[in-house]
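Trainee: For the record, the sequence lines run as chains A and B. Heads up: the first sequence begins at -6 in my numbering, then just goes up one per residue. Heads up: the second sequence begins at 5 in my numbering, then just goes up one per residue.
Calculated directly from the structure, the hints in this document are not laboratory data. A portion of the hints provided could be inaccurate.
[What the hints assert, rightly or not] Below, in silico cross-link-like pairs of lysine-lysine (DSSO-like), each with a Cα-Cα straight-line distance of 27 angstroms or less:
no., chain 1, residue 1, chain 2, residue 2
1, A, Lys(-3), B, Lys16
2, B, Lys63, A, Lys111
3, A, Lys(-3), B, Lys46
4, B, Lys63, A, Lys112
[Claimed, not checked] Have a look at the derived ranges for each label pair, beta carbon to beta carbon:
no., chain 1, residue 1, chain 2, residue 2, range
5, B, Thr271, A, Cys36, 43 to 49 angstroms
6, A, Asp89, B, Tyr273, 32 to 38 angstroms
7, B, Glu44, A, Cys132, 24 to 30 angstroms
8, B, Lys46, A, Lys(-3), 57 to 63 angstroms
9, B, Lys16, A, Asn10, 23 to 29 angstroms
10, B, Asp248, A, Gly50, 48 to 54 angstroms
11, A, Cys36, B, Arg262, 30 to 36 angstroms
12, B, Lys16, A, Glu(-1), 41 to 47 angstroms
13, A, Asn5, B, Glu149, 41 to 47 angstroms
14, B, Glu153, A, Val88, 51 to 57 angstroms
15, B, Glu44, A, Leu27, 24 to 30 angstroms
Every residue gets a Cβ at the ideal spot worked out from N, C-alpha and C, and that includes glycine.
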Amino acid sequence: MSVKTELEFILNGRPVNIEVPVHMTVLALLRESLDLKGTKYACGEGECGACTIEVDGTTINSCLMMAVDLQGREVMTIEGLGKGNALHPMQQAFVDHGAVQCGFCMPGMIIQANNLVKKNPDLSREEMKRGLEGNVCRCTGYTKVLDAVASVVGLKI
Amino acid sequence: MSEIEKYIAPTKLAEAVKVLSGGGVTIVAGGTDLTPQINEGKRRYEATLMNIQRVQELKGISLEEGEIRIGCLATVSEIWHNDIIAECAPILCDTANCFASDQIRNAATIGGNICNASPAGDMIIPLLVLGASVELARWKEGKMEIRREPLNHFFKAPGKTIRLDNELLTAVVFDKPSVDFVGQFRKSGPRPALEISTVTVGIGGDYNDGKFENVRVAFGAVGPTPLRAAATEQALEGKTLNDDVIQAAVVAAWQDARPIDDIRATTWYRNHLIGIFTEELLNNVCQN
Ligand SMILES: Cc1cc2nc3c(=O)[nH]c(=O)nc-3n(C[C@H](O)[C@H](O)[C@H](O)COP(=O)(O)OP(=O)(O)OC[C@H]3O[C@@H](n4cnc5c(N)ncnc54)[C@H](O)[C@@H]3O)c2cc1C
Ligand code: FES
Ligand code: FES
């Protein structure tokens, strides 16, 4: 067993204070220690994007990042995107465009799509494709995903 | 999986370097190479895990007295979107554009890319073309000592470099290229992102009135380390670029490249790519 260390960070707007083993990944911390199962584990090696979260406003693969590195930082997971039970406009757009099938890739896909639009509200379809390259979906074929994101661009979010 | 006895996240460079002098330290930056290597059992943690991400001195990109300096913690995303780099060394942006995904680029540091020393490390190729050097810091006799080594001499074998265990790579530096400098980068694959490079080629030099000078050529993934292509450089240096010169450079490129057969491509295919990429990039230089 490896040593533990004290960790303090902001998770979906709320402070978290927890002791973590120093070798733990952010994904394991979220899913196993904090019981937030929205963020998904699929490849575990940075290839699929199912584990995408926002840290200080940029997206990363939480399966590769060490939990200890969250010290003092701000994290947003899919659970923090909507307000209470109300869906965020990006989530609603995915529903409206039938862009969700099994749903496994969706928490990561939606966090990434939302981040792209936040950074560039005039995102082109080509830029969406490039920006979503790190998010693999085995079901949808991506067309409806892109339609959903396109429908949000231009809207204030 | 691990027997980490101590975790340290220093905020000062001197502190980080002192920790290294004690030995038995695993350095982590973005973790995008380290985490998969640990998970796959290819690598084990040392007793001390040192996270260098809090050291402000290791961040940022600057241009001072004609020298560009990229702190080891600069991420591939930061390099891509940096004004100094876009203006003075856009070949680095072209490479970042072929690098993994947004999420990986946001975490992947330049220091990690260099120190991981993969023959397919993409950012290394444009840096070789820019004639970059690395700075290595260590603690010696009560103070910090920094040496500079040309990146060209840094790599020894896959995963092996001349960096000593007690040294931290703090930055990569290179002279601001001249106004005539043209740099070109090419990575194999229809959509190069998220693909381990089969072959990468970088070519750069001062191009003026058809003449190519101060030429540097670098190849990735065609030998045990990223390499400078000496014969190709010689075939091009000081020449007026035309079809004959370009063909001579292609032949020289086959001499320089030492590709292997592996699961991703055969030697024959890699040689084929080296030839066509060299030709393509030189044609691009001519059109510049
Ligand atoms: C899905 C995926 C896709 C990828 N695609 C690409 C790609 O297209 N092109 C490419 O080149 N790479 C790619 N990589 C590899 C990796 O992302 C890069 O090599 C990255 O730059 C490593 O940086 P890091 O900060 O994550 O390194 P880390 O994993 O933190 O460290 C890498 C190694 O360097 C050491 N180290 C780090 N910083 C220093 C320092 N300052 N001084 C001394 N030692 C140090 C660490 O101890 C470790 O051994 C990919 C990886 C993944 C998982
Ligand atoms: S689970 Fe993290 S990228 Fe696939
Ligand atoms: S909806 Fe099934 S993987 Fe994307």
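Trainee: Please write out, lowest number first, the hints stated earlier that are contradicted by the structure.
Mentor: Of the numbered hints given earlier, those the structure breaks are 5, 6, 8, 12, listed in rising order.
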